[in-house]
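Peer 1: Taken in order, these protein sequences are the chains called U and C.
Numbered by UniProt numbering, the letters in the first sequence go through residues 1 to 139 in order.
Numbered by UniProt numbering, the letters in the second sequence go through residues 1 to 684 in order.
Hints are computed from structural coordinates only; laboratory data are not their basis.
Treat the hints with care, since some could be wrong.
[To be verified] Far from chain C by the CB rule (all over 10 Å, computed), these chain U residues: (1) 28; (2) 56; (3) 61; (4) 98; (5) 99.
[Said to hold, decoys possible] Listed below are the simulated SDA-like cross-link pairs for lysine to any residue, each with C-alpha atoms no more than 20 Å apart in a straight line: (6) 103(U) / 319(C); (7) 97(U) / 319(C); (8) 108(U) / 581(C); (9) 672(C) / 13(U); (10) 97(U) / 348(C); (11) 108(U) / 364(C); (12) 108(U) / 313(C); (13) 32(U) / 581(C); (14) 103(U) / 317(C); (15) 97(U) / 300(C); (16) 97(U) / 581(C); (17) 113(U) / 573(C); (18) 573(C) / 30(U); (19) 103(U) / 364(C); (20) 108(U) / 311(C); (21) 62(U) / 30(U); (22) 97(U) / 302(C).
All figures in this text were calculated on a predicted structure; none of them were measured in a lab.
Yeah, the Cβ is synthetic: ideal placement off N, Cα and C, and Gly gets one too.
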Amino acid sequence: MSIPGAEDTIDPATFEQILEMDEDEVDREFSKSIVFDFFGQAESTFAKMDSSLDKKEKDYLKTLSELGHFLKGSSATLGLTKVKDSCEKIQHYGSLKDDAGTKDITEKQAQDKLLTIIAQAKEEFSEVEDVLRKFYKDA
Amino acid sequence: MAASLNAILTKSPVPSVVGLPPTIPEDVCQPNSFADDLLRYTPVATLILDAALQIRQVSDSYLRVSGANNRNHVVGHYAPNIFHQTVTFPAHASAREALQIAQDTGSVQQVQHLTNDNRAWTIRAVPVVRHGSLRYFQMEFTDTTEQRRQQLELEERLYTNECYRALVETVKDYAIFMLDPDGNVATWNAGAQAFKGYKPSEIIGRHFSNFYSEDDRRAGKPERELVDALRDGRCEDEGWRYRSDGSRFWANVVITTIYKDGAHLGFSKVTRDLTERRKSERKLISAYEEASKLKSEFLANMSHEIRTPMHGMLSALTLLLDTRLDENQLDLAHVIQESGEVLLQVINDILDYSKLASGSFSISQDIISVVDIIQSVFRAHLRCSKPGVALESYVDPNLPKAAEGDSLRYRQIIQNFLSNATKFTEEGYVRITAKVDKEDDEYYTILTEVVDTGIGIPAESTKTLFTPFTQFDNSATKRYKGTGLGLSICKSLAELMGGNIGYHANPEGRGSIFWFTAKLKKCKQAKIVEVLAGNMEALKSPSPISANPMQEIKVAAAGKRLLLTEDNFINRKVMLQMLSGLGFENIDVASDGKEAVAKASIEPTPYDLILMDVNMPVQDGVSATKELREKGLKVPIVAMTANALKGHAETYIAKGMSGYIAKPVDRNLLIKLLLKCLQRQDDG
């Protein structure tokens, strides 16, 4: 079962797996709670990312990498492919690596890339959030 | 004296007539007289002249040496006339002079005459005086060629000896002296004194080991050198020698055994002070090393600086390729991409090489599985293998499942060998084999070979194969791209791994064999890991697939207790829901590795299986697993990871995990994995 309008942002098989965990296909209590928990987690994580990148305190890149990894895990679990991919990039840039995590980049490059990718991730998130809220008729 | 002589001479008859017919005076020619016999048969060529210089008697020997065959051509003749005949007997020339002086001085004259053919004659003119007046002259001619030669030789020898003595004594830049057969100093020259500070009186008679350090003396070095010199005739050494004031200098020493007439006289010892030379050598070497290091650092920096914009360029190019390009533009963009990738490889090689050359390259010691590495490289090459080339891999089943090494660098060598082999092989096969070459208590030495049936290496190129920047195909129309650094990097890597690298021709006639060895340390918890890795093998092998895994897992889950370690609460929640859906009712959670270790290390462990996230704060899943394994925990630990990076999965297993599942977790895969793990637990 795929979500209308989100075929390229949500991996159907993964999301379906979550939906299958619902005991009741009408109220979808479990999956809904998970998805809404994720909204909260994503927003707070993005806020932490913004503040890290803004303040640039000691080990801020490492923190960003960890935050990227963290959100990557939950977005992957829900099958939110685009957000997951962007989070993975945040994780790599934060460890001073390129997109693929294989080649070194400089700190300056990392900062620039992070700024762009975090914005992109937020956009992707809000896009998928809209779709999901509609799906759960919460919009 | 001269006055009386003159008095005598004035009285003596003066030869006034030249060319008179010879008259033979009666008194000297009396036959059979004793004097006559004596004069005639003396072996010394002799002439007797009277005061008027007329030849009165002649010996046979004179006739022989002067070439005057007939005695009548001589006797009775005026001697100076005879002495003019220098053609037959060159010594006559000097006889004339000797006679003249003897006549003038009245004393015995002896002159030496050297002929043009290097013969020597000694001519003696003996004036015989009686009652104050000159009566006769006795002229003797002796061939002294031999004596003269000996004399000259002697003189030369004396001269040479003298020269040598002066030479040796005055040379200041070399200490040259003699030792007696026991090694005691026998002579001492100026150089020796200047170098070593001893005066002859202070050192002669003392043993030469005084010049050596305490350590050398204790080690018996001086004695050993004499033994060596006796055996080989000479012995050379470079090392510290000590002066009388205790300071030292870097010396080159040559000890030569000296024999005279077969008897061992002793040893000559020549010492040179090399302190200055050594200093400048050191300076040169360190300057060279510094320059070489700077060069490597420069290369490393440059490569790094080039690499960064290269990445930018290639990334932009990838994006460009995704845009709408016409066929022509697409072709060009592909050319740029391909060239860019080659360039990047070149730069990476140079970076590796310069890191290796500057010594700033280190090898990590992770737990690796050689088999997994080989298989993963092999699979990658399988995808792009040429149609006529069979790609084969033979892996020794005795290879350790886990050992300590650097998987990235191990992989790099295999990768290089395999890509070379496939690049140069158009038909036949490329085969990779690996086996345990040696094994001791601490290490495995693993031999990995890549055999191909490609173009092979010309014999003259095999020596430079592993030399940086050489490629055996250096023709202008190079068919094969590359920096010529790959193999030299591999060589350094193999050496860093405690191994070797080499090449030999494929004995099957065509192609090459490249091999390398690496020393991998055995790991402490190898046993557990191997048992578990064995379990993994069992997991991988196909087992009867049950008709309904869902039912089966529910049966297997009954009464099982799991520990779920996951830091992200959303994932935790999903996993819990999923697991409870599979029939697991008893699940504990831990939000980081440390908590997991604490919960699982209770004896006996309450869990039948642990699900372990890899990246977690506080303590990550890998180190938690390692810690648990070290504590002897044997229950299956399943890694959950979103790290899709190549090679990571193998690492987890090598590090003590029993299996791994990628995130997002696929339920069906999870069921399969859990079934395998739990069933094994039950069987065990």
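Peer 1: Do the alpha carbons of residue 62(U) and residue 30(U) lie within 20 Å of each other, as the hint requires?
Peer 2: violated (33 Å)
Peer 1: Would the pair residue 113(U) and residue 573(C) pass a check requiring their Cα atoms to be no farther apart than 20 Å?
Peer 2: violated (32 Å)
Peer 1: Is the hinted pair residue 97(U) and residue 581(C) satisfied, with a Cα-Cα distance of at most 20 Å?
Peer 2: violated (39 Å)
Peer 1: Hinted pair, alpha-carbon criterion (20 Å max): residue 108(U), residue 313(C). Please report holds or violated.
Peer 2: Holds: residue 108(U) and residue 313(C) sit about 17 Å apart, inside 20 Å.
Peer 1: Checking one constraint from the list: CA of residue 97(U) to CA of residue 348(C), max 20 Å. Satisfied?
Peer 2: holds (16 Å)
Peer 1: In terms of Cβ atoms, is chain C entirely out of 10 Å range of residue 99(U)?
Peer 2: violated (7 Å)
Peer 1: Can you confirm whether the C-alpha distance between residue 672(C) and residue 13(U) stays at or below 20 Å?
Peer 2: OK: residue 672(C) and residue 13(U) at ~18 Å, within 20 Å.
Peer 1: Does residue 364(C) sit within 20 Å of residue 108(U), going by the straight-line distance between their CA atoms?
Peer 2: violated (28 Å)
Peer 1: Run the C-beta distances from residue 28(U) to all of chain C and say if the shortest one exceeds 10 Å.
Peer 2: holds (13 Å)
Peer 1: For residue 108(U) and residue 581(C), compute the direct alpha-carbon distance and say whether it is at most 20 Å.
Peer 2: Judged against 20 Å, a Cα distance of about 47 Å means the pair is violated.
Peer 1: Is the hinted pair residue 97(U) and residue 300(C) satisfied, with a Cα-Cα distance of at most 20 Å?
Peer 2: holds (18 Å)
Peer 1: Can you confirm whether the C-alpha distance between residue 103(U) and residue 364(C) stays at or below 20 Å?
Peer 2: The given pair, whose Cα atoms are some 18 Å apart, holds under the 20 Å limit.
Violated hints, in rising order: 4, 5, 8, 11, 16, 17, 21; the structure is consistent with all others.
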